[in-house]
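Could you fit the two chains together into a complex? Lean on the hints.
Keeping their order, the protein sequence lines are chains Z and F.
Sequential numbering from 1 applies to the first sequence in the working numbering.
Sequential numbering from 1001 applies to the second sequence in the working numbering.
Hints are computed from structural coordinates only; laboratory data are not their basis.
Where is the CB? At the ideal position from N, CA and C, for every residue including glycine.
Please note that the accuracy of each hint is not assured.
Rough simulated footprint, nothing fancy, chain Z against chain F, three-plus residues with beta-carbon under 8 Å [what the hints assert, rightly or not]:
no., segment
1, 1047 to 1055
2, 1180 to 1194
3, 1282 to 1296
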Amino acid sequence: MSYMDKTIEEVHEALVKGEVTSKDLIKEALEKSHEVQEKCNAFVTIMDDVKEEKVTDELLSGIPYGIKDNYSTKGILSTGSSNTLKDYVPFFTATAIDNLAKKGAVAVNKTVLDEFGMGGTGTTGHTGIVTNPWDKTRMCAGSSAGSAAAVAAGVYPYATGSDTGDSIRKPAAYCGIVGYKPTYGMISRYGLFPFASSLDHCGALTRSVKDAAIVVDGMKGIDKYDMTSWDSSNMHLYESIDGKVKGKKLCYIKELCDINMYPNADAELKAHLENFMKTIEKCKNLGMEVTEESVDMTLLSAIPSVYVVISCAEATSNMSNLTGFIFGPRAEGDKWDTEMKNYRTKGFSPLIKRRFVIGSYVLQAENKDRYFHNAQRVRRLVVDKWNELFEKYDAVILPVGSGPAKKLEGSKDALDKNTAILEDHLQIGNFGGFPSITIPNGFVSNLPVGVNITGKCYDDINVLNIAYALESSMGYKNQIAREVK
Amino acid sequence: MGYKVLIGLEMHCEISNTKTKVFSSAINGYSDKANTNIRPVDMAFPGTLPVVNKEAVRLSLMASMILGCTQPEYLYFERKNYYYPDLPKGFQITQETKPAPIGSYGKLEYEVNGEKKSVRINNLHLEEDAASSDHYASGSRINYNRAGVPLLELVTEPDFRSADEAVAFLETMRSIYQYADISEADSKKGQVRCDVNVSIMEDNLDENDPKNWGTKIEIKNVNSFGGVRDAINYEIQRQIDLKEDGKYDEMPQQTRRWDEESGTTIYMRSKVDAIDYKYFVEPNIPKFKISKEWLEEIRKSIPRLAFERKEQYINEYGVSEYDATILVKEKPVADFFEKTISLGANPKSASNWITTNLLGNLNKMELTIDEAKLTPEHLAELIKMVEDKEISSQQAKGVFTESLETGKSPHDIAAEKGLKQITDEGEIVKITNEVLDENPDVIKQYKNGKTNMVNYLVGQVMKKTGGKANPSLARDVMAKEIEKR
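The following block holds chain F by itself, in its conformation from the complex (with noise of 0.2 Å):
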């Protein structure tokens, strides 16, 4: 028998492009020396309150736009109250659903493999993170830099139908975070978090009846994309086999934990067990009023997001569809780009550089664009270099090579190995007609109809001029002057 899988995501991504935490005046820096961005507030010394970060609420409307969910009238926190050693104030400033969070019933399509999908947005919260803990044999230790920095909670509703889907959205929304200017939205440095739920049923059954779905079970703490991978297959394997083995029905509604060492979902609480978090609303927060022209104006600063970049470059640009995916992959890259062009360099040169040559030695270098010693103002000189036919693209490759390791500018290398092209006709001609003095057979040869020896002679001029010599003008000029012997 087949099995449909329904899964839905709760994606947290820590919002940190915001100066400062979303209700404390700390940095919001959470990689910064432990313990080093803390106010009173951070540590929940009594007696603080919280102050709601306006930026961080500008973002999360933003966000809140882009996945097409409804904002609401008035903002509203609320406390979630438990205990655990990271968060001191023993609740989390969140938002629930009732009254409305920053979003409310969104959709969002998206590509997997080429193929449009769509899924729909249950709510999107804006919340405080937690501080961090590491445990050791001897003890545990907590960084307050993360406590209180800002946190976008996006609650899917069961709309994946794999794995591949479930991915292809994060990546989705990662690029949305980057080019919207919210986050970084970078798992290495734990700023995206997830909690997975998936359940199965009957292929022949129709799922958008919620009565034929399967028991949900909630995955926890699945800290990077390829995690959520993993553990959605793994949990969809583990429920097929449940189901063969006819044991389905006694699982109970369940909360997991995904164990990245083992590759396997581990029980955590079964639902019974769920805490209370006992919300109320938060009464250090005023409600605040959200105003139509605020919203306009949030509206119309969306910055361009990656799928507008796309079709620009392939537009306006020429750029190839293929090209065009690599360049907008990453915020940074298609920034990369972009700069290049303002600079005044050929589009499609741009591109080729940057797809062909840049991302794959930075890849070998282990660096990102951002830490690349070639910078977009290097990039458009070269570029300008060799249709000004300065160098040949041959010469270009060995420049772009030394750029990049030593961050000289192309202009600087070509000078001090004299890399400068001969492009002065007159001096081409002199060259050509020493070399056919020198090769009188060879012009023999090439009357006599071997005349494919002209590339032995082109390659003699280049020789003789170091590489120097503007292949292309080196051939006309060849041409002409062979003719005239």
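The shape of chain Z in the complex, shown without the other chains (with noise of 0.2 Å):
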């Protein structure tokens, strides 16, 4: 008998019945954790010796779950899956993952991601590929490439990732799981480490939406060492979840999601552009109002530029702490400049230099304005239009992506221009600071695809129980990766 693969409520029930001990569950978890290493690649530790946790009436006691690798925690190696912090055991755990230990909670291992986050595709980071569950010879996406293919997996439950352009959202698609990223503050990112602070989230990926609140409940709070974070403890989630959206309003966007917009489209993008249109009448069978919107394609067209013009300049910033002095191997080096210059030169990957060049570049004074101060521009102007559909509509609802995983042979990095506002707009989800969640609803080529539900700020609760009741009507909630033959 097995428990990982079930939904926290079903293991907690099961834990208070006296049917399994933590101690079992933990066993469990780990057993599944050399496996799926084996597999796929997806852990940066596995904590073979971890203690059991007394089962409690919080709901997360005793339940094993994963961090991903660029979450501090004290006395556990965290890497960011980056070389130059291969051997960093921090001092300080981040005060999301206390939230949870304080539930109760454990932690059996610590999951690969892009170096950083800053990537897509899960293939960066420095222990190597990470291979999808479902099929090794495609992606998970990324950058929460481990915690996705651990939970699609069955490892357990749960597992906390960060989004800072879909780095939740994608890999929770590519595995057909479920990916939650709250609104921007409800979860301290104090602990995090930083990719680019005004659009990176701390959130979940999980097997079902109510699993997401559960799990948000237990990682959010406001949080002295994060003067981002607000005080959402009148805010419950999980509780709140009642599945009644019969009125409830949604628009979907004319230019992302009409299959005559791509005038190349292959098989796969019709397959999912198909499936997205059959979820949209899901909704409207459920009682809701679905509306398609048009907005103009030269706004959306800007989205990714934005993105990579604002998220490397952050970065290039956020990771100058980056030196081997004071943590991260000490370079060698005649002076401290070289011995700096020696460091990041060996510990980087070829795309985060790539990014801090871009990152010095926009933010350089003679091109401040024209790159760096445009994008902040534009994407006030883009979460301006996303706050006045807002106005009209509870939550937008958009395909993720442009079809299932991804090769990872050939395709990699390479964006088809055609289809890159599809593969970007989670990031408005960044922009705007919006909540944001993924789910699965189908197949394409025997692989999930998802779909994306995203809400005004502080509206957590109405985007939830729009994927609550849209998941109780499709056949996709807990599923497990299969792997295709």
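This is the structure in structure tokens:
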């Protein structure tokens, strides 16, 4: 009998009834961790000697979970999947992880990410490529690749993630699970290794919407160490889910969802968008009104560049603390600046260095207004546009990506211009700090695909409710990856 | 040909009167044992975030008001990005002129050699200090106690015309920081550091037209007011020499460094090599609305400054202008004076004791007034004893010196030494008659017109009493008794 492939509510019930102990669950999670490590290379660290927790009224008590390796964990290796921190053992724990520990949650491993979260493929971590549990020739997407793979493979019911562009919500779609990032500041970022501070969100990868609510309930809370965090003590996400969505208004964006916008569409894209329209029908059957909206293509086309400019600018500054002097493997050199250069040159992957160059370039005095400030202006325009939509609609519903998980071979990092916006629109959720959730909505080429629901800031409960109702009307709740032969 | 000199200052002053650092909860105690006042954020451990110290903001706003600056509607901070081992994050959190810093465009009156002058303040901003480093032949040592200490940087317009003016302004600022309880502003503790810019122009040109200004030379890291004076005077002469030699026009705009040992300025870099700090708004600190109510509260709480106290000492207490100037020069001295008065001492006597006895002695003992063993309570007691004629002013001097050396109270000292003055008239009449009985010849001389012989007789009374007789009483009694003979 296995438990780690069940929902949090089910596991909790089994624990309370005494059908299983926290110790049994840990044993199961660790065994599966090693299996999945073998198959998918999802973990930086597996904590084989972890101790069980007392089972209490808390839903999370005694239940194993995974931590993305860009969360600082006291006494446990925390690498950000980067060679620059390959031996770094922090002496403090991220607030979100502390909050989970207070509920009795048991961390059993640290999961692989794209180096410092700066990638969307799950292929750039210092421990190697993470493969998709549905099909090992495909990627998980990133950056929360290890977390997505592990949850999808049934190692445990949930893992933490972080999301700067779509790093929770894209891998969730590619792995057929749920990925939720709440409103900016609901979960403290203290102890999360920063990528781009104004876009970074903590969040959760789970296999059901209710589990996502339970986990974020456990992670969230105002924190005196994060000035951008806010008091959400009156918001009880899990308890607020009632599935009542009749009369809710949704919209989708024609420019993103209409197959006619893609003259060279391949079969997968066609199937993906057709599947999305079926999901829209389901929404209507649930009593929701769904409207097609139109947004200026010029504005939409600017999104990926705006993201690159802002995220790279903030990243180059955020990662200037990585010098090898105070932490990280100190490099050789006859002077401090050579030591620093050697450390950074050796430690960072080429992809990251490319982003640093872009970040520095757009912040240079002579370029700053043209690139960085313009990007901030367009970010504001996009957010204003979405807030305008939220005046009319409870949420925006859109397909995630242009189809199922991409092949690891061949297509690496080469963006197809035609589908760029479809691949990148989730970044809007980071621009505005909007609550945003991805849930599985079917299969294309026998692989899972996802749909995303995004609402206005602080309206997390509404977003979760819509996602829950939709999830309940489809058959993909708590699905475990079945390897495609 | 004569020259005009244009001098501008950047004065950095640590705010020493907050409990904790400006973006960290570590104690603001730079001079404590090295590397003991540190939180993870001060060493930029991954995932740490800045949290603004409201008290540091309050004190900065107060300084902004005193300087006649405009306060911003919203508080923002910016990152100044550069690499240096004493800057763990790789950026300093500071404020630039856009968005508006804590103070913009003010004006301050100050006095130089009795003449009133005024200087325009370009801006005042709040930032964090870097760590301090000591360099040795074998390597360098870094003390992170200073990393994150709040620092106020004040930038003036080039309104000073001489080193004297610049130094007089700095002294005024030091007094303001001390009196407003913002900082000890002690350059010996490294709390005050200046950058100076100097340019010269021909005397007959209009200084209000920037086109006529000469090449601006910036001198970095001048760490004492004496150094500021010397650096300015050296630089003026250096530039005049270049003019006279016809080499001035070849001199590029540049940054130089003040070398205290050689008393010269040394070339660092030209403007062409100026560092691009890639400023951008710190995303981890949400913009903060500074309310009118708070500003009003701060305005009302500005302590009395030196010039206000000086006016009060002259007008209310009748202290001479000269003495008042001495009393307010250092705040601890003025506080000592006011404490003494508050204990009931006569202000003029207190002023006399402090300016003529206390300060000179402390100077010899190389002590500050706060370190003195003699307290305001002691001084007030001593003044009262003289007023009540318990001891003579001659005796008081001895008591004062002993109290200063031992910290014993004047009453105790007087009692120990049996110094109680004889103020009982009957007793003095008795002793006076004894003296007269013993000196019939002197009485004869007196009667024959040698009236000044009375001094000798009074002297004999003093001798007989071991100096304890009240001198003026002894004189009065003697005058009466001798007439009776």
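Requested in this report: Would you list, in rising numerical order, the hints stated earlier that this structure does not obey?
Outcome: Result: hint 2 breaks, nothing else.
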